[in-house]
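S.K.: Here are the chains, one letter per residue:
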Amino acid sequence: MTLLSVRDLTVEYHTDSGKFRAVEGLNFELEQCKTLGLVGESGCGKTTAMMALMRLLPEVGRIVSGSVTLENIDLLRIPVSEMRKIRWNDLSMVFQGAMNALNPVRTVGSQIREALQLHNTVSRDQIDKEIIRLLDIVGVSASFKERYPHQFSGGMRQRAMIAMALACKPKVLITDEPTTALDVMVQAQIMDLLQDLKSEFDLGIIIVTHDLGVVAEYCDEVLVMYGGRMVEYGSADQIFNHSVHPYTQRLMLAFPDINNPDEELSSIPGHPPPLDDLPPGCRFEPRCGVSVSRCSRETPGIYTVAPGHICSCLLATSQGSPADE
Amino acid sequence: MTEKIYSKRSFFRQYIGSKQGVIGAVMLLLVIMTALFAPWIAPYDPYEPISATTEDVLAPPGPGHLLGQDEIGRDVFSSVVFGARISLLVGFAASLIMILLGCTVGLVSGYVGGRLDILLMRITDGVLVIPSLPLMLVIIAVAGRGIGLIIMVIGLFSWPYTARVIRAQVISIKERQFVMRAKAIGVSHFGIVMVHILPQVLPVIFASITLDISAAILAEAGLSFLGLGDPTLISWGSMINQAFSRGAVSRGAWWYLVPPGFLLAWVTLGLNLVSNAIQEIVNPRLRTHNLFDERKILSLLGRLRNYPSSQGGE
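In order, the protein sequence lines correspond to chains A and B. At position 56 of the first sequence (counting the first as 1) the number is 56 in the working numbering, and the numbers step up by one without a gap. At position 80 of the second sequence (counting the first as 1) the number is 1080 in the working numbering, and the numbers step up by one without a gap.
One chain only, chain B, in its complex shape:
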């Protein structure tokens, strides 16, 4: 048993062992599944034109409509389910652009240093100081309000923060002695970056992924709120926007406002839990110490867990 604890466990098995990791993954998976199987989950198709009566306008939750109806009589539950597709798509796609760009710039800039570093960092600063929201508004207003363009614009204007954080990490790590040792052993520059530096930066990358995804989802919500979202699609952001602008607040129609807002928070929380769990695996120093090893921690936890039940049995 104890031998097994020290044997190399797969990333998956370690992840399964983490409580917050499992909870976060389940939270995220629920939303992702909802997005994937939206047509089967949603009772109505929110993109379908409907004929509504006055009773349907902002009708409260009832038997036919789990989360009530919106200002034109659509089923809110169906909108939220379909909205997950767009919000997640924007979140993941834009954060992918941010991470790829930010990681490449950060790693190269930090590791190579010198003139290249200065050049890349001035470009980064340039993008960083541009007030991105007005510029996004201008670009989208001029070039059109397609979902692809929204993803590109969010991704291309949000990577500098990631790049700076990663560069700072790389600079501090590359001066460490184990990098020198790796160099002495004969590891190539590419090998040093990929094998010795990148794994140490991963916790930071995972932390920024979660921030980036929620930032992208919120940026899309912001654009939609300002009326510049893709008008043909329903996202959580555009739902909040419509709820806000079409009088849901004044009429107390909480069932229109709360579900998209709650899901935004739900996704962000899930992402954070997943990120924490991954960090613990990637950075083994968070787990054990040579004087207080896993075995002791585990046996202690076991004793704590058994304590109340053995008390109860007596």
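The shape of chain A in the complex, shown without the other chains:
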């Protein structure tokens, strides 16, 4: 069952120094009980896209076009007051950097209470019990309810954020870099926790991350972004084992392979294009090792590689796709 479907989402930032397109023509779908991984370099529009979904873009951000459909409601066309109800009730988010997303001068319990109270999730006299239950779900002991965020370790803060996001029993959970800045043991714990919660609450989860290891292990589907656009979208198997887009392939090469530990990692030379100076054709063309002359002129369309596997690369259309090289 499709929970969330995003069509042609385009977001612009209107700043003093001009107009930037941070996300362009993004499409994806999220099914119940599935995990979607959103990967790409820093500044490629992942967080912007998620903030647009939540309708929490900063003042300079504008959603230019597109639709975000959650249970037959287009989130981009409903009034703000409606959106306020849907946020957290149906669509909640674990923000990037759990330390900064918790108010340092209020106890963690009181911050979870806020969500429960505002959305009338449980009756007033049940709130305390519910906070303890939520903390218990994410493996934080009840006595931590009255402690302050700075008394929590990094992993516990992340757990508290997840507990907060689960407070109103959402259908879709967006996690923005849930494992960044955590050590590998804690990373694994957090990811396992998300995995358990997914099946327990029938959640659809979107994981925004840089960590391909996380994506390979926990995601059902993967969306690779570059320069604000989708470059490749498919099942985890398709992306990891049969990637077509040169960017995805280079990204895989930059990640250590457990079967081939002696292989040297290769980085992708250069930087992602600045959003105010995008190349005219394919956005990856200046860094792509296998580009042809057409690439710098034509914007690649979207091509179906296999059922459920799409790619935005001119070379993917020809039979001898760069995947064979």
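Not everything, but these chain B residues come out facing chain A in the computed CB check (under 7 Å):
| no. | residue |
| --- | --- |
| 1 | GLN1177 |
| 2 | PHE1178 |
| 3 | ARG1181 |
| 4 | ALA1184 |
| 5 | ILE1185 |
| 6 | GLY1186 |
| 7 | HIS1196 |
| 8 | PRO1199 |
| 9 | GLN1200 |
Derived pair list, reagent style EDC-like, types lysine to aspartate or glutamate, alpha-carbon separation capped at 16 Å:
| no. | chain 1 | residue 1 | chain 2 | residue 2 |
| --- | --- | --- | --- | --- |
| 10 | B | LYS1183 | A | GLU59 |
| 11 | B | LYS1174 | A | GLU59 |
| 12 | B | LYS1183 | A | GLU82 |
| 13 | A | LYS34 | A | ASP237 |
| 14 | B | LYS1174 | B | ASP1117 |
| 15 | A | LYS169 | A | ASP202 |
| 16 | A | LYS198 | A | ASP220 |
| 17 | A | LYS34 | A | ASP202 |
Pairwise CB distance ranges, derived in the manner of DEER restraints:
| no. | chain 1 | residue 1 | chain 2 | residue 2 | range |
| --- | --- | --- | --- | --- | --- |
| 18 | B | TRP1266 | A | VAL80 | 53 to 59 Å |
| 19 | B | PHE1190 | A | MET99 | 23 to 29 Å |
| 20 | B | GLY1113 | A | PRO286 | 37 to 43 Å |
| 21 | A | ASP136 | B | PHE1262 | 57 to 63 Å |
| 22 | A | GLY270 | B | PRO1131 | 55 to 61 Å |
If you're looking for bench data, these hints aren't it; they were derived computationally from the structure. Just so you know, these numbers come straight off a predicted model, no measurement behind them. By construction, the Cβ of each residue, glycine as well, lies at the ideal position given by its N, Cα and C atoms.
Keeping the supplied structure of chain A fixed, place chain B upon it in accordance with the hints.
M.R.: Structure of chain B alone, referenced to chain A:
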């Protein structure tokens, strides 16, 4: 025992636990009590007309007069006791005006931003650049020298500093991610300002309250010194003024100058200690860390405290 440390303690109990807080509060309470019960504490009524002999003029401290007598033979101790009333009244009332105005302008300006921010800040700048002392002098000279007017004038010209400091804090806090999270959860603008932003600004507000109170007391002293205080009332400022202008310095009458000056310093110090203690409670980051928690700090303190006594026992 350890459980109790982490259970939510009331503000009062936390405050009682702070040494400097208690000392500061006692210092302030002493002065406030003195002001409240002035007629019972002071042996004479300084507002009562007296007939003085030449021996009474600037007489040094003696059995009848604890702090000596002033240039017209009044008891200095009684004047100081009654002066506390006026000085504290001006200090607290004027700082209340400053804080209310400064807080409202600072919070609204910082949180709303945009054109309203520009407008409010230009007004603030306008008030800030007015040389307030000459203007206060003019207003008081024209409108009269009542205590109410003095309070209003001090309050209305001193809020911009508070407003600017609070606005700067609000701007930095409102961009933090937990404000975004609160917004996402559905907290209203009013709720965000009151619950998430105001508590973070409180330390700054408390710090400015202490500064504001002492600034107001000193401003009143300054006005009195220039002869524009309420002529019917005795304040610490007007006492220093009179001591200065009526020759107490040249005649070495320290008992006339020192008590009001000492009390000004005493009140300011008390206010500062109270402010520090409140800041520590409002801002829990000043107290603990997840790697070095209260229990360890407390047990360490306990060990330190026990150390000399156990040494002595051996």
